[in-house]
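Following the hints, put chain P in place on chain V, whose structure we already have.
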Amino acid sequence: MISPQSLQQPLSYRGLFPRYDAVLISVTERCHVGCRHCGFYGAVRNREATLDEIVDWTKQVGDYPIGRIIFTGGEPFERVDALEQAIDAVRSMDRILCSFTSSFWATSYPQARAILNRLSGLQHLFLSSDVYHQERVPIERVFNVIQAAFDLGIRDITICITSSNEAERLTIRQQYKKWESMLKFHEDRVIPTQFLPKSVLCNQDKTTKISPDNYATTCYLQTPLINPNGDVLACHAGKAAAHKDMRTSPYFLGNLRQQSFKDIAVEASRRWDYQYLRTQGPKGVAQLVCSNPVILEQVGRDEFTNACDMCFSALRTPEGKRSLVQEATQPQTRDLINIRLAIGLREAPIDLPS
Amino acid sequence: MPLQFADALRLAAKDPQFAADLVQNPQNYQAAFNLSPQQVNGLKNGTINDVLTHATGQANPAIYFG
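Chains as they are written, first to last, in the working numbering: chain V, 1 to 354; chain P, 1001 to 1066.
Isolated chain V (complex conformation) (with noise of 0.2 angstroms):
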């Protein structure tokens, strides 16, 4: 039952600004941890910010209205100067600031706390760990990191498994019982891209079969994605930007070489396909792919991983962007995307027709 105190949260009007859970900035591409499930195995990497971007494209969004900033790669502590210089740049805006790793820096306790020393400021932890990551980096290096952050005050830990079957998770859930009730868990399945080797892909659990009943109306769409060339994309997704130019799919926004990130967020607010992937979720592309058979004959399979496999795979088809399209030109979907927006996220409608 919706009531009036339902619809009361802490949220006020945005206007034309979205509203983001987070911003994620990408330090750089680089990781020399290589591990086998990664979404970058395969591509070029050598795409790089200048450390005066990083600076300047972090104080941007630490401008937009946006409670949290986190640190992605890539590695991010490959370039600990450039994390540094980030964090110093807006450690006064009452902003989260998180960062990823994969802990690999962390070669003892002492130099784990001189890192995270260094980066004052960092309140948030997501730290990769799972048989990938482990496969190269020792999991004390973890333990390190756990271990310094927890004594210097960082009490926002998350550990990230990505696994390809259930066995693979208890795997290393059964690593941190010691640390269960002090740490966050997110556990998600590895997304099978074409790029992966066979050893990856051929341990894969059981796949759902599309349906728009399997998926949510929310994702990771609340937290766009800086890439170090500055490109800014609608998700996470937009990393696979480093296996080929995305300028020209739904998920591209902008670039910050070329405009600020408040004149890309607001131009992106006023753009219907886009306001439908936020309102409509994986949900709403479940629903345009199983209104349109070509979708998956061009994407080559109906079974996925999780949402953001089905999404991106359906979305790089040239059939997945036109449907995208031509769906977010129905008089009533563009009313169920202005209702979202209006009554969901405080933000303006977009302007109909009268």
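I should point out that these hints are in silico values taken from the structure, not numbers from a laboratory.
Glycine included, every Cβ here is placed at the ideal spot set by N, Cα and C.
Be a bit skeptical, because a hint or two may be false.
Where chain V lies over chain P, by a calculated footprint (3+ residues, C-beta under 8 angstroms) [claimed, not checked]:
#1 1002-1011
#2 1017-1025
#3 1032-1043
Chain P only, in chain V's frame:
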């Protein structure tokens, strides 16, 4: 110029009290905002609960191949 659906939504975005009433009793606003039967249904239909999922702002920050 008569008020339109977009006007109702603009108002709803700024006024949670009005928004709650609009989604619960859209028929009451049909004449005032010139709402079509489809728009009344759109406001009423069950997926409005998804709107509230958005409104909580509790989605996890994006994770994957970090």
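Handout entry: Within 8 angstroms of chain V (C-beta), three or more residues of the segment 1017-1025 of chain P
Key = This one holds; 7 residues, not fewer than the three required, reach chain V with a Cβ under 8 angstroms.
Practice task
Examine the segment 1032-1043 of chain P for residues whose CB is less than 8 angstroms from any CB of chain V, and state whether their number is three or more.
Solution key: holds (count 4)
Handout entry: Whether chain V covers the segment 1002-1011 of chain P (at least 3 residues having a Cβ closer than 8 angstroms to its Cβ atoms)
Key = holds (count 5)
Hint check: no violations occur; every hint is consistent with the structure.
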